[in-house]
Each structure stands twice: as C-alpha cells, then as structure tokens.
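J.: Residue-level listing of the chains:
Number of protein chains: 4
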Amino acid sequence: MKITPEIINEFVAEAFPTAASTGFSCVETADGSATARLAYNEHNIRPGGIVPGPSVFAVADVALWYAVFTRIGLQPMAVTSDMTIHFLRPAIGASLLAKCSLTKVGKRLAHGEIRVWEEGGDPERLIAFASGAYALPD
Amino acid sequence: MKITPEIINEFVAEAFPTAASTGFSCVETADGSATARLAYNEHNIRPGGIVPGPSVFAVADVALWYAVFTRIGLQPMAVTSDMTIHFLRPAIGASLLAKCSLTKVGKRLAHGEIRVWEEGGDPERLIAFASGAYALPD
Amino acid sequence: MKITPEIINEFVAEAFPTAASTGFSCVETADGSATARLAYNEHNIRPGGIVPGPSVFAVADVALWYAVFTRIGLQPMAVTSDMTIHFLRPAIGASLLAKCSLTKVGKRLAHGEIRVWEEGGDPERLIAFASGAYALPD
Amino acid sequence: MKITPEIINEFVAEAFPTAASTGFSCVETADGSATARLAYNEHNIRPGGIVPGPSVFAVADVALWYAVFTRIGLQPMAVTSDMTIHFLRPAIGASLLAKCSLTKVGKRLAHGEIRVWEEGGDPERLIAFASGAYALPD
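Protein chains in written order, with the numbering used here: chain A, 1 to 138; chain F, 1 to 138; chain V, 1 to 138; chain E, 1 to 138.
Isolated chain A, as found in the complex (with noise of 0.2 Å):
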C-alpha cells in the first residue's frame, strides 16, 4: 500500500480522536520522505507571534513519525528514540513545515533528518534541523 497524506490524516484522525484541534497534518509524502504542516494557532504563541520551541520541536517529531509510516506501514504509536534540534531563527506568525528524510532504515532503528521552514516562505531558510532515531518494531 502506497501511504499517502491522505491515508496518513485518517489513520492519525482516527488513532488519536484529540488529533484534528492539534493543528498537524501530512500535506506530502514519498518513499522514504513525508512532510508535516503545523498550521500557525494565535492561542498558542509568544509575544511577538513567535513560535514556541516545543511546538517546533513536535512539528519535527511527527515528520519523522510520518516518514517511518512510508517505509514501515502506519504504526499507532510514536516511538521516538532521540532527538537533536537546533532552533535557527525564530517562526512568526506563520504555519510551519516540517520535511523528514530517512537516512537510514535499519532492523530496530529508523534515522531522519528534518528541516523545518515557514510556510510561504523560502524552504532554505531554515526554522530549525533535527535529527533523531525512531524505534521499530520488533
């Protein structure tokens, strides 16, 4: 089964009932690669419209989430093992983007690298990168 973002929203909507009011989704994915979308929420943001670290950070983490689905099949839970972030500007007042490549998909691990970016703006201008490994399955 190919894994779409389509089938990916389902699965997540369903999985996790609370999800939908979250503001993530997957608007893109390829073998190996997914991108997911934090729409920009005005109750949740710092003075300035910035947007907090750990909701970056959670962008980052379902990206990595997604992409192991398109390798692995849809997993119910997000067995993240580690995760590096550094936060390279500040996101104002804007949704975000988040794109996972796997480098490496092994027996019990699965490793990414994700980029993070404002929505409408330049994909090279990065918000923040992270890496980390995810658990597989046994």
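Each hint should be verified, as a subset may be incorrect.
Identical copies carry no separate label here, and so any pair may be met within one copy or between two of them.
Below, simulated EDC-like cross-link-like pairs (lysine to aspartate or glutamate); rule was C-alpha separation at most 20 Å, straight line [claimed, not checked]:
id, residue 1, residue 2
1, K104, E124
2, K107, E10
3, K2, E14
4, K107, E124
5, K107, D31
6, K107, D138
7, K104, E119
8, K104, D122
9, K2, E42
10, K2, E28
11, K104, D31
These aren't lab readings, by the way, just hints derived from the structure by calculation.
Model, not experiment: these values are computed from the prediction.
Add chains F, V and E to chain A, keeping to what the hints say.
T.: This is chains F, V and E only, laid out in the frame that chain A set:
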C-alpha cells in the same frame, strides 16, 4: 534578587497570559538549577494515558529556561539554541517533573542537563534525559 | 578569496605541522559546503577492519570546520560548539568522505549537517549522520 | 564477575593490541558507571597545547563503553549508536578524565551521560558534556 519558584511563576503568568492553561510551573529553584512541573492533562495524551513526546520535550525546555533565570535573572524570551533528548520510557498517567542543572554559563551560551521523571515515582527512573544550550542575551 | 581544497590543505599543513600524518584532507569545496577525507589507516582500526567511531566523528568535525572556511575565511582554531552523531553502519576497510553543508551562518554560530560514507561506495549508504554548531569569532 | 578497571584494561589490551599506544585507560568503575582517562600526548595537540575536540569525544565514547561493561559484561565491540557532545571549554596541556553514568539500560539500548574534565582540575569545571546511547547485543 534570589529567584524563587514564586517569582518565576508570577513572571511567566504576566509575560505569557495564556501560559496558566498550559500546565507548566516551577516547583523548585537553587543556584544553577530548577525543577519544572507539567501537570497531567487528560486532554493531551496518547492511547493508554501516555504523555506525548513533545510534552516531555516541553517540560525539559522549560526547566532549562527556569534554571537560566537563577543565574542571569528573569528573561522574557526562552531562547533555546539546541536540545537533545533521549526518550527512555513512556510516561503514563502522571504529571512530570524535570530538573535542569546548569553545567556551564558562559558569555554566549548556558548549557544544562535535564532529567525528567514521573511525579510521585522514583526520580532515578527517568522518562527522558536531555541536554542543551540556551543563547544568552548580549 | 575563493576557498579551494588546495588553500585549505596548505593552510592546515602550516598551522598544524603534525596534521599531515593524521590522514585528513579537504577534497571539495563550494559556497557553504566542503568535503573532508580520512585516509584508511591500517594502524588505527578495530578487529575486522572497522574504522573507530571517534575517527568517524573526527572526519565529520573536520568537514564542519572546512565548510565554515568557505563562508568566513580560514580560521586557525576549530571551535566546535556541539555535535550530535548517529552511527548508522560500520565502515570497513575504507577511506571515509564527509560532506558538510551549512544550514545557517549567524552572528555567533554556524550550523551544519554532515554525511559520512565510504570512499568508492554509494554516497547514500551513510556510515554516519552528524549535525552541529561552530562558534564564530566575535 | 565484578568489573574492575584492571579487568577492563587487560581485556582491551588483548582485544586491541594497538590500543596501548592510544593513551586510553579505565581508572574507576562502579555499578553503572566508569571513568576513562586519556593521557596527555604532546604529539596530538593543537597550538597552545589544546586537546583536539575529537580526542575529547573519544574519551567520552570510551567511558560509555566501559560503563556498559559494568552492567552487561565485557563486549569486544564498542557499538555506540549516537552521541551528542557540547564542548564547554578548551582542555589545555592536561590529561582528561571522563566519567560516564548510565541513566538506563534497556533491552536494546543503554543510555549514559558523560562529564569530561582535566585531571588534577576541578571536576565541576567541565571540558565537555556528552550523552549518548549504546546498542546492546541481541
């Protein structure tokens, strides 16, 4: 001025009026360290009562911010430069505590390590271990 | 001045007279990126011809240093601030190549991601993935 | 079998006959922790007597390996999965000590934090702080 949990909680409530609803608070401070708490929120959990990874990251990030306060005073913006987190166990149905101990405060960066555990549980039974750097103001 | 591999190798040989024996060299540069090479050294291997993890780290670290040169000029000291490395596969009996692409050059820090693979092998078959920050001079 | 520094040093010397010349040794062990030493080597320094970053990484990596020994016995291969290191200060003209404390030993991964300081100096004045995971054998 000695930075107490009360001072931090009052400062954060004024600086971020919406923060009260997010469930974060400071519960302990010392010179170069601080403990943050994230109240269990049944509206933000995964199946089985598991606290989401980004929430675990968030309480670690907040603890770093609070710990920096104890050395350089109250800072309106949390400016995490980078953070690495290892998720060691799921947190299930519990509030979280995150203690940050600063390992160095330099001219440009403060660095700390953060341990996260379940409130009421064994503080050695870690939910997550994080370390990261905070960009100090010029 | 355009920073070429020749300029970098000459500079490093003069600044660090012992470096010639360490096996590192720069083999490619572009604006914001550089590729470092670590020559296979049969005197510094693990059983089975495996290149030690710290040697893999070292070539990634050197690549970040070289890449910074392409943006701010030659710097006598390598001042890595932090580095995260995921070891994805063993490198066996081979020289290594490490390509660093800078993701941001700010006022205080430059951040890059680095991919390490075996010379002569598939550049997509990564030995390690690293990312880190370099502290820029005032 | 209780794992002592002597047992570790003998094991490493036999498993890696070239290791004696690298300057690493184990100087202390306890259940779940170990301290590694890297002897100062005037042939492997930067101008000013600064110990290179990759050498600091190496002693941290070795400390993680030794600490794992105290829980699962001697392992011929060091299989670090990931490591994050923050370089906090230069180490100048000194041997290094690195103490690793394991924070969790699971089925697949052991995780530890490592502090590096100058031998003879203040153990709280850190040269580097690292944390990482080690892939346990099946």
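J.: For each hint, tell me whether it holds in the structure or not.
T.: Evaluation of the provided hints:
no. : hint        : in the structure
1   : K104 / E124 : between (23 Å within a copy, 9 Å between copies)
2   : K107 / E10  : neither (27 Å within a copy, 33 Å between copies)
3   : K2 / E14    : within (19 Å within a copy, 49 Å between copies)
4   : K107 / E124 : between (32 Å within a copy, 18 Å between copies)
5   : K107 / D31  : within (18 Å within a copy, 30 Å between copies)
6   : K107 / D138 : both (8 Å within a copy, 11 Å between copies)
7   : K104 / E119 : between (27 Å within a copy, 18 Å between copies)
8   : K104 / D122 : between (27 Å within a copy, 13 Å between copies)
9   : K2 / E42    : neither (35 Å within a copy, 34 Å between copies)
10  : K2 / E28    : within (12 Å within a copy, 38 Å between copies)
11  : K104 / D31  : within (12 Å within a copy, 27 Å between copies)
Of the numbered hints stated above, those contradicted by the structure are hints 2 and 9, listed in ascending order.
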